[in-house]
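S.K.: Model the full structure from these sequences, guided by the hints.
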Amino acid sequence: MTTNASPAGVTRAGGAARLGDRTVSRIGFGAMQLERLHADRAAAISLLRRVVELGVDHVDTAQFYGDGFANGVIRDAFRPEDGVVIVSKVGADPNPGGAVRLRPAQRPEQLQASVEDNLKSLGLDQIPVMNLRRLDTGPGLRAEADQVVGIDDQLAVMTALRDEGKIGAIGLSGVTVDGLRRALPAGIVCVQNLYSLISRDDEGMLRLCLDEQIAWVPFFPLGGAFPTMPKVTGAPAVAAAAQALGRTPAQVGLAWLLHHAPNVLLIPGTAHTGHLEENVAAGTIALDDAVMAQLDAVAG
Numbered sequence: 000m001t002t003n004a005s006p007a008g009v010t011r012a013g014g015a016a017r018l019g020d021r022t023v024s025r026i027g028f029g030a031m032q033l034e035r036l037h038a039d040r041a042a043a044i045s046l047l048r049r050v051v052e053l054g055v056d057h058v059d060t061a062q063f064y065g066d067g068f069a070n071g072v073i074r075d076a077f078r079p080e081d082g083v084v085i086v087s088k089v090g091a092d093p094n095p096g097g098a099v100r101l102r103p104a105q106r107p108e109q110l111q112a113s114v115e116d117n118l119k120s121l122g123l124d125q126i127p128v129m130n131l132r133r134l135d136t137g138p139g140l141r142a143e144a145d146q147v148v149g150i151d152d153q154l155a156v157m158t159a160l161r162d163e164g165k166i167g168a169i170g171l172s173g174v175t176v177d178g179l180r181r182a183l184p185a186g187i188v189c190v191q192n193l194y195s196l197i198s199r200d201d202e203g204m205l206r207l208c209l210d211e212q213i214a215w216v217p218f219f220p221l222g223g224a225f226p227t228m229p230k231v232t233g234a235p236a237v238a239a240a241a242q243a244l245g246r247t248p249a250q251v252g253l254a255w256l257l258h259h260a261p262n263v264l265l266i267p268g269t270a271h272t273g274h275l276e277e278n279v280a281a282g283t284i285a286l287d288d289a290v291m292a293q294l295d296a297v298a299g
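Residue numbering for the sequence shown follows numbering that gives the first Met the number 0, starting at 0 and increasing by one per position.
Don't take each hint at face value.
SDA-like cross-link-like pairs, simulated, lysine to any residue; straight-line CA separation at most 20 Å [as the list claims (entries may be wrong)]:
#  : residue 1 : residue 2
1  : Lys230    : Val297
2  : Lys230    : His259
3  : Lys230    : Ala241
4  : Lys119    : Ala7
5  : Lys230    : Gln293
6  : Lys230    : Lys165
7  : Lys230    : Leu257
8  : Lys230    : Phe219
9  : Lys165    : Arg21
10 : Lys119    : Gln109
11 : Lys230    : Asp200
12 : Lys230    : His274
13 : Lys165    : Arg74
So the derived label-pair ranges between C-beta atoms look like this [stated by the list, open to error]:
#  : residue 1 : residue 2 : range
14 : Ala298    : His37     : 15 to 23 Å
15 : Thr158    : Arg74     : 45 to 53 Å
16 : Pro229    : Pro261    : 37 to 45 Å
17 : Glu108    : Pro229    : 34 to 42 Å
18 : Asp20     : Ala243    : 19 to 27 Å
19 : Arg100    : Gln125    : 25 to 33 Å
20 : Thr10     : Ala144    : 45 to 53 Å
21 : Gly223    : Glu108    : 32 to 40 Å
22 : Glu108    : Gly164    : 15 to 23 Å
23 : Arg141    : Pro229    : 20 to 28 Å
24 : Ala112    : Pro138    : 44 to 52 Å
25 : Asp135    : Glu52     : 24 to 32 Å
Hint data in this document are derived by calculation from the structure and do not stem from the laboratory. Just so you know, even glycine gets a beta-carbon here, dropped at the ideal spot from N, CA and C.
M.R.: Here is the structure:
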């Protein structure tokens, strides 16, 4: 049974859904862009307090977001009574000064060290959900040499950490459908892969997750993260729907994801309160069958 009321007593943003054995808001918050507020920590904390006020109780982060900055702000901003479920990830480390700001950290001992770093920076005894960021699919980093590690070896250390109580549940990110199937016996609670209205290569994996009661948490839900990546907001059908509904194209792109499958959880990120409020408001948009048909027809 789920309830639309968050622990903070406000309506859950986008409604409620399951994340493993927890109930969370279907619209969460991705902390990656908090690094843009590095020079104004008070503004970052204020933004996260607004997250709670808007009924968001599902926050996605990583130690490598701002080399610990995002985790530190999360630690200082949230209170136990807020009931915010923290989801973090391992599989990469900061690479300060490098041409690429991250480097792979796929080996089991690196995963364990990253979990410890997350616990310390977040000030937690247990991280509710920890995603293993595989490097099987793009965009972004790919594993080479000793960073090419089998998923079974990685899951062995992740399940050991879960047994120790340092993490509550295991998720996967950047995984193939074969990798997910291999990992299912470990009790996977969520999958984070590239997916949006215009990037639907993983539709079969989304459906597998739905069948297995695994949350589907798309990253880059509006596309456009890289210069060569198209944007959802550039699709004519999205623009037409937005105009008809009196909403922004970005809101329509997010609303489509929520309507597309009941196991979808969103983690749009921003460093601006106004954008945060717009993202949360996407959860109130009703898309009728005709609009959904028009959006479904957009080439994915």
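S.K.: Take the hints in turn and mark each one as holding or not.
M.R.: So, going through the hints one by one against the coordinates:
no.: 1; hint: Lys230 with Val297; in the structure: holds, 12 Å
no.: 2; hint: Lys230 with His259; in the structure: holds, 18 Å
no.: 3; hint: Lys230 with Ala241; in the structure: holds, 15 Å
no.: 4; hint: Lys119 with Ala7; in the structure: violated, 25 Å
no.: 5; hint: Lys230 with Gln293; in the structure: holds, 17 Å
no.: 6; hint: Lys230 with Lys165; in the structure: violated, 38 Å
no.: 7; hint: Lys230 with Leu257; in the structure: holds, 18 Å
no.: 8; hint: Lys230 with Phe219; in the structure: holds, 10 Å
no.: 9; hint: Lys165 with Arg21; in the structure: holds, 17 Å
no.: 10; hint: Lys119 with Gln109; in the structure: holds, 15 Å
no.: 11; hint: Lys230 with Asp200; in the structure: holds, 16 Å
no.: 12; hint: Lys230 with His274; in the structure: holds, 17 Å
no.: 13; hint: Lys165 with Arg74; in the structure: holds, 16 Å
no.: 14; hint: Ala298 with His37: 15 to 23 Å; in the structure: violated, 38 Å
no.: 15; hint: Thr158 with Arg74: 45 to 53 Å; in the structure: violated, 26 Å
no.: 16; hint: Pro229 with Pro261: 37 to 45 Å; in the structure: violated, 26 Å
no.: 17; hint: Glu108 with Pro229: 34 to 42 Å; in the structure: holds, 39 Å
no.: 18; hint: Asp20 with Ala243: 19 to 27 Å; in the structure: violated, 40 Å
no.: 19; hint: Arg100 with Gln125: 25 to 33 Å; in the structure: holds, 28 Å
no.: 20; hint: Thr10 with Ala144: 45 to 53 Å; in the structure: holds, 49 Å
no.: 21; hint: Gly223 with Glu108: 32 to 40 Å; in the structure: holds, 36 Å
no.: 22; hint: Glu108 with Gly164: 15 to 23 Å; in the structure: holds, 19 Å
no.: 23; hint: Arg141 with Pro229: 20 to 28 Å; in the structure: holds, 22 Å
no.: 24; hint: Ala112 with Pro138: 44 to 52 Å; in the structure: violated, 25 Å
no.: 25; hint: Asp135 with Glu52: 24 to 32 Å; in the structure: violated, 38 Å
Consistency note: the structure conflicts with the earlier hints numbered 4, 6, 14, 15, 16, 18, 24, 25.
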